[in-house]
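The primary structure of each chain is shown beneath.
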Amino acid sequence: DTGVSQNPRHKITKRGQNVTFRCDPISEHNRLYWYRQTLGQGPEFLTYFQNEAQLEKSRLLSDRFSAERPKGSFSTLEIQRTEQGDSAMYLCASSLATSYGYTFGSGTRLTVV
Amino acid sequence: AQSVAQPEDQVNVAEGNPLTVKCTYSVSGNPYLFWYVQYPNRGLQFLLKYITGDNLVKGSYGFEAEFNKSQTSFHLKKPSALVSDSALYFCAVRAGNNDMRFGAGTRLTVKP
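If you read the sequences in order, they're chains A and B. Position 33 (the first sequence) corresponds to 33 in the numbering used here; numbering is contiguous. Position 7 (the second sequence) corresponds to 7 in the numbering used here; numbering is contiguous.
For the record, the hints were derived by calculation from the structure and aren't laboratory data. Backbone N, C-alpha and C define an ideal beta-carbon position, used for all residues, glycine too. Hints may contain errors.
Claimed, not checked - Below are the DSBU-like pairs computed for lysine-lysine, each with C-alpha atoms no more than 35 Å apart in a straight line: (1) B:Lys111 to A:Lys11; (2) B:Lys22 to A:Lys57; (3) A:Lys57 to B:Lys69; (4) A:Lys57 to B:Lys58; (5) B:Lys111 to B:Lys77.
Said to hold, decoys possible - From the structure, some residues in chain B lie toward chain A, with a derived Cβ separation under 8 Å: (6) Lys22; (7) Tyr32; (8) Phe34; (9) Arg42; (10) Gly43; (11) Leu44; (12) Phe46; (13) Leu47; (14) Ile51; (15) Gly53; (16) Arg94; (17) Asp99; (18) Gly103; (19) Gly105.
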């Protein structure tokens, strides 16, 4: 396990459909973070987990968004009833609770048409 | 609340010249500061961090950054730019156990 893995790399979906992304963190990392990055902007924090517990959610995370980390390993981010404004790069990162920096995955680029 | 400002959307330098990418921050308490680089259609790649200690930190690919507490700045520098340094650069800050907050990014273009 050499890094954070995100699948799929790209997703094109029709407006109104549901989508789910997966993130596999570095195996010994107990913290996992989701960020969203729109074109020309920096990553915006969405939510994070310590082990299986979701400890913080941004106000950006509307009711249509849900994230899980059921066994404290991989995580999924689901968007229901997608809208064109959801088009973005969704980044996952992981870290140890005791470390300061994060390791990021390559991201999932979502395009809603 | 913690925040980061990157005042320049774009920085252009000639290959071989020194480069500086600016960052200022606002945070309650002691800041942990980071620089990441992003290449097209890729995730963020860690360059360097300041946690404590020496104000000048050295990172990957010859980059360095200087923490200036009085000016609340953490500018990224490199003595001699390469064309391959052209990318999007993000400054980020954490305070304590809070999540990392990013600036809007600066696009660096190094021309041959």
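Restraint satisfaction for Gly103 of chain B [CB to CB of chain A, less than 8 Å]:
5 Å, holds
With a cut-off of 35 Å on the C-alpha distance, tell me whether Lys57 of chain A and Lys69 of chain B pass.
Roughly 30 Å separates the two Cα atoms, so the pair holds.
Agreement of hint Phe46 of chain B with chain A interface, Cβ distance less than 8 Å
Holds - the Cβ of Phe46 of chain B comes within 8 Å of chain A, reaching about 6 Å at its closest.
When you check the alpha-carbon spacing of Lys111 of chain B and Lys11 of chain A, does it fall within 35 Å?
34 Å, holds
Double-check Arg94 of chain B for me: the hint is only fine if its C-beta lies closer than 8 Å to a C-beta in chain A.
7 Å, holds
Do the numbers back the hint for Lys22 of chain B, that is, is its least Cβ distance to chain A under 8 Å?
This interface hint is violated because 14 Å lies over the 8 Å limit.
Pair hint outcome, Lys111 of chain B versus Lys77 of chain B [Cα-Cα no greater than 35 Å]:
17 Å, holds
Pair hint outcome, Lys57 of chain A versus Lys58 of chain B [Cα-Cα no greater than 35 Å]:
Given that 35 Å is the threshold and the Cα spacing comes to 33 Å, the pair holds.
Report holds or violated for the interface hint on Ile51 of chain B, using the least CB-CB distance to chain A and a cut-off of 8 Å.
With a closest approach of 5 Å, the Ile51 of chain B hint holds.
Quick one, are Lys22 of chain B and Lys57 of chain A close enough, alpha carbons at most 35 Å?
The given pair, whose Cα atoms are some 29 Å apart, holds under the 35 Å limit.
Given Leu47 of chain B as an interface hint, is its Cβ closer than 8 Å to any Cβ of chain A?
Violated: closest Cβ of chain A sits about 10 Å from Leu47 of chain B, beyond 8 Å.
Go through the hint on Gly105 of chain B and say holds or violated, using the shortest Cβ distance to chain A against 8 Å.
5 Å, holds
Checked against the numbered hints above, the structure breaks hints 6, 13 and 15 and satisfies the rest.
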